[in-house]
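> Between the sequences and the hints, there should be enough to build the whole structure, so can you do that?
As you go down the protein sequences, you meet chains A and B in turn. Reading the first sequence from the start, the letters are residues 1 to 464 in my numbering. Reading the second sequence from the start, the letters are residues 1 to 275 in my numbering.
No lab work stands behind these hints: they were computed from the structure. Be careful, since some hints might not be right.
[As the list claims (entries may be wrong)] Chain B stretches covered by chain A per the calculated footprint, using a threshold of three residues with CB under 8 Å from any CB of chain A: (1) 29-42; (2) 158-164; (3) 171-183.
Think of the CB as a built atom: it goes at the ideal place given N, C-alpha and C, for glycine as much as any other residue.
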Amino acid sequence: MTRNPEQAPRATRPADHKTHPTKHRVHMDQEIYLIGLNHRTASVEVRERFALTDCTVLEQGVVPTGDGISEVVILSTCNRVEIMAVGNGPGVPARVLDCWAAARGQKHRDLEPFVYVHKGIDAVRHLFSVASSLDSMVVGEPQILGQLKDAYRKAVGRNATRVVLNRLLHKAFSVAKRVRTETAVASSAVSISYAAVELAKRIFGEMSQYKAMLVGAGEMAELAATHLLNSGIREIMVANRTFERGLQLARQFKGEAVLFQDLFVRLAEADIIISSTGAHEPIIRARDIKDVLKRRKNRPMFFIDIAVPRDIDPDVNNLDNVYLYDIDDLKEVVEENMAQRREEAAKARAIVEEEAETFARWLKSLDLQPTIVDLLRRSERIAQDELARTMKRIGPVDDATREALQAMLCAIVKKVNHEPITFLKRRFHEEEAGTRYIDITRRMFNLDCDDVPEDAHSDRKHHA
Amino acid sequence: MSSLELLSIAIIMLYVLGTVCIAVGLLARRDRLKRLSQWLTLAGFALHTVMLGLSMQGQTWQILEKAYYFRMLSWSLLLIYFFVWWRLRLEFLGLTASPVALVFYVSSFMLADVQSKLPPAMSGLFFGLHIGTLFLSFSLMTMACGAGMLFLYMDRKLKHKTPLSGFDRDLPALSAFDKVNHLAVMAGFPLFTLGMVSGFVWARIAWGKVLSWDPKEIISLVVWCMFAVLFHQRLALGWRGRKTAVMAIWIFAVCVFSLLGVNFLMTTHHSFNPQ
Numbered sequence: 001m002t003r004n005p006e007q008a009p010r011a012t013r014p015a016d017h018k019t020h021p022t023k024h025r026v027h028m029d030q031e032i033y034l035i036g037l038n039h040r041t042a043s044v045e046v047r048e049r050f051a052l053t054d055c056t057v058l059e060q061g062v063v064p065t066g067d068g069i070s071e072v073v074i075l076s077t078c079n080r081v082e083i084m085a086v087g088n089g090p091g092v093p094a095r096v097l098d099c100w101a102a103a104r105g106q107k108h109r110d111l112e113p114f115v116y117v118h119k120g121i122d123a124v125r126h127l128f129s130v131a132s133s134l135d136s137m138v139v140g141e142p143q144i145l146g147q148l149k150d151a152y153r154k155a156v157g158r159n160a161t162r163v164v165l166n167r168l169l170h171k172a173f174s175v176a177k178r179v180r181t182e183t184a185v186a187s188s189a190v191s192i193s194y195a196a197v198e199l200a201k202r203i204f205g206e207m208s209q210y211k212a213m214l215v216g217a218g219e220m221a222e223l224a225a226t227h228l229l230n231s232g233i234r235e236i237m238v239a240n241r242t243f244e245r246g247l248q249l250a251r252q253f254k255g256e257a258v259l260f261q262d263l264f265v266r267l268a269e270a271d272i273i274i275s276s277t278g279a280h281e282p283i284i285r286a287r288d289i290k291d292v293l294k295r296r297k298n299r300p301m302f303f304i305d306i307a308v309p310r311d312i313d314p315d316v317n318n319l320d321n322v323y324l325y326d327i328d329d330l331k332e333v334v335e336e337n338m339a340q341r342r343e344e345a346a347k348a349r350a351i352v353e354e355e356a357e358t359f360a361r362w363l364k365s366l367d368l369q370p371t372i373v374d375l376l377r378r379s380e381r382i383a384q385d386e387l388a389r390t391m392k393r394i395g396p397v398d399d400a401t402r403e404a405l406q407a408m409l410c411a412i413v414k415k416v417n418h419e420p421i422t423f424l425k426r427r428f429h430e431e432e433a434g435t436r437y438i439d440i441t442r443r444m445f446n447l448d449c450d451d452v453p454e455d456a457h458s459d460r461k462h463h464a
Numbered sequence: 001m002s003s004l005e006l007l008s009i010a011i012i013m014l015y016v017l018g019t020v021c022i023a024v025g026l027l028a029r030r031d032r033l034k035r036l037s038q039w040l041t042l043a044g045f046a047l048h049t050v051m052l053g054l055s056m057q058g059q060t061w062q063i064l065e066k067a068y069y070f071r072m073l074s075w076s077l078l079l080i081y082f083f084v085w086w087r088l089r090l091e092f093l094g095l096t097a098s099p100v101a102l103v104f105y106v107s108s109f110m111l112a113d114v115q116s117k118l119p120p121a122m123s124g125l126f127f128g129l130h131i132g133t134l135f136l137s138f139s140l141m142t143m144a145c146g147a148g149m150l151f152l153y154m155d156r157k158l159k160h161k162t163p164l165s166g167f168d169r170d171l172p173a174l175s176a177f178d179k180v181n182h183l184a185v186m187a188g189f190p191l192f193t194l195g196m197v198s199g200f201v202w203a204r205i206a207w208g209k210v211l212s213w214d215p216k217e218i219i220s221l222v223v224w225c226m227f228a229v230l231f232h233q234r235l236a237l238g239w240r241g242r243k244t245a246v247m248a249i250w251i252f253a254v255c256v257f258s259l260l261g262v263n264f265l266m267t268t269h270h271s272f273n274p275q
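In structure tokens:
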């Protein structure tokens, strides 16, 4: 835990100055830009053409820092490219677009029509909604946050982030977390196969002691089986008309292939049955299942019929301890969940808005004058609180004594803050260091009244 | 005596708060409230234990205030609730346990200062065998009834594919409710049988006859028969789920009738009426 701060591999450490031949001072007039395209603004061909997922391209740093741009983070997934840049001057977006197009060997003007450019609080808001998965094709899907974290890690590795983007990205992660815990935006299944697994959990609870059987080997059945395996099911059996295909699928899931004519014998072992054969007539009927239930002592069964026409006679649902969902039922569940997500998304947007405004306030305060004011105000507040407490304890005093005490506190506040303020003023006029020292001061004295969790930066401490 | 009354008020307050917290916690989906309810009920239970111990001082099993029986019943309910919670971690059962325990505790005040004389023969031993076992068995059935109602509720929703609300999503899986039923039936039926048999033996020793066609005895036999059917079907035929849930609810209902209806309204040697 105790270590020399000089050796700390901090993300906020300034880059070596030789890779940064910036001549001008970079602070105050810095602005956050977010330039990107997503599944709404660009078709899949365009997204493919301008994707920045290629590692070699990224390694070289698509948009080099320096020359008016001080920080860059690039996020590129199959649905979007988002480039966050901090720089000064209105030329930043154009420069980013140039570099981006050049990295893919394309022309600037081919890219421009598909791109949106956000600036300042709009950029912050957009990033926060992306991180909280409000901007995703499937609202609430969780992958985007991981992808953003990866993108940030890579940018830190390239030494392309400083005070502003470090804080912005960390804030984005915490906003995403807040949205996830405070709204139900990601709490329900929005794909058919996943909805089936959710329902299975409603019936069985802990999945580790249950077995599933695939009857027929459709693509959707395969997907559902994968979800079931991920949620910890014990075994998957496959009964397919062509045994070879069944065997192949069983091997894929490390399960067992069952002869199709043994279906009803082996059905007694299965708790979850996913049926997707191409049969024209129902193959599983209530009277067959009655017999199966007797053999398995009425342990519950969950039938998922994703075949059209249906494989399982709807009468099966009328048996006790048997639950049957066909494709339409599952679709309805999914639709219901989607509607719920949309409702929750409104709540989430309010959170994003609130956090974006807080961030914008912080960005504005990241200047010398407001920081000095905040610093003095903080000491002044503490001094007045303590004075009030002391007065209460010692009882009434005459005006002269009170004034003397006031004067003493005033002097202490001024003198205690004198050195830090002089230091800040001196450093502020140095290149690069300005915002960094302002940021450190704000954090050291907690001038933004952040809640710092106890386990903050625990990842760094372990590696120290 | 006034210190005991004070204790009683504290216990009631804690149970009321516990009930309110679990109800609000479940409906408004606040985990903190649910946990708070758990602690409030536990604190009430601890005081309850102290109170039962204190009021037993200087008393014998033979002559007890009738109110004491209801307090014991209320206590055994919570004992079983905490036991089930410890085994299965089902907090929603607090929604059944706390209010029912509260009802019995409060109704014990209707019986204040009414004394009950037990038949003198070996009253200490039979007190445990007859009353203790039946109280525990009743408590288990209360849990099974609560779990059964929620089972029927969720079973209906899943069968009819009704959209699930947030409250529904917080409920445990169907199999968890059935586990409560299993536990209650497997432990409850032997306890109930023991309680019945020891009651008849006690009657034989004390009054010289096994069965005196008392309403209470008849209704208890009815309950025993229902219980026996449930036990048999569960064990031998593997009944589970809806049918066992319905039976548990019926058994609980008849038990409550037997406890409140028969004991207060009919003439029986189990009567709680002032004689």
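> Next, verify each hint and record whether it holds.
The hints, checked one at a time:
As drawn, the segment 29-42 of chain B meets chain A at 0 residues by the rule of a beta-carbon pair under 8 Å; below three, the given contact is violated. As drawn, the segment 158-164 of chain B meets chain A at 5 residues by the rule of a beta-carbon pair under 8 Å; at three or more, the given contact holds. For the segment 171-183 of chain B, the stated coverage by chain A is satisfied: 5 residues place a CB nearer than 8 Å to a CB of that chain, which reaches the threshold of 3.
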